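A.B. asks: When we follow the numbering used here, the leftmost residue of the sequence shown carries the number 1, and every step to the right adds one.
Among the hints, a few may not be true.
SDA-like mimics (lysine to any residue), calculated; alpha carbons at most 25 Å apart, straight line [as the list claims (entries may be wrong)]:
1) 75 / 16
2) 75 / 24
3) 136 / 20
4) 136 / 79
Worth flagging that the hints you see were computed from the coordinates, not collected in a lab.
All values derive from a computational prediction rather than experimental measurement.
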Amino acid sequence: MNTPLLLAACFIGTLSFALIFRAPPRSLVFCGLIGALGYGVFLSLQYAGVVSAAAVFFAASVVGLGSELLARASKLPATVYIIAGIIPLVPGASAYLGMLYFAQGNYREALVAMSSVAHMSIAISAGLAVGTVLRKK
Numbered sequence: 001m002n003t004p005l006l007l008a009a010c011f012i013g014t015l016s017f018a019l020i021f022r023a024p025p026r027s028l029v030f031c032g033l034i035g036a037l038g039y040g041v042f043l044s045l046q047y048a049g050v051v052s053a054a055a056v057f058f059a060a061s062v063v064g065l066g067s068e069l070l071a072r073a074s075k076l077p078a079t080v081y082i083i084a085g086i087i088p089l090v091p092g093a094s095a096y097l098g099m100l101y102f103a104q105g106n107y108r109e110a111l112v113a114m115s116s117v118a119h120m121s122i123a124i125s126a127g128l129a130v131g132t133v134l135r136k137k
């Protein structure tokens, strides 16, 4: 895979979502950077052979901690950076496939896909919580 291209696309996608969510203009570049950083951590851990849910947990922790630090420096709410930063980590394709499998009657594949979505969602929320708690200590 072309990692620099993936990270550039992630930056642009995250920045675009920040625009959609009406993030303040001065935060847009940092929103893109925090999203690309989180996805970079995820990719690095995936390449190292770490399980997807654990990789998402650590990536979300980096997003949470980075968002808290950026929020403090820019005097904006951390949610400005958190919401945009987790976009690359959200398991949208797996959720879509899970719903598609349910609609097609492939219940076994649907349960596998949806359990993956549940694991990733829990990992994202736990990782963000850990990142926030680490900054406050």
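A.B. asks: Would you mind confirming whether the straight-line C-alpha gap from residue 136 to residue 20 stays at or under 25 Å?
C.D. replies: Distance ~29 Å between residue 136 and residue 20 Cα, so the pair is violated.
A.B. asks: Can the restraint linking residue 75 and residue 16 be considered satisfied, given a maximum Cα separation of 25 Å?
C.D. replies: holds (22 Å)
A.B. asks: When you check the alpha-carbon spacing of residue 136 and residue 79, does it fall within 25 Å?
C.D. replies: Answer holds: residue 136 to residue 79 is near 15 Å, not above 25 Å.
A.B. asks: Does residue 75 pair with residue 24 here, judged by a C-alpha cut-off of 25 Å?
C.D. replies: The hint holds at about 11 Å.
Of the numbered hints stated above, the single one contradicted by the structure is hint 3.
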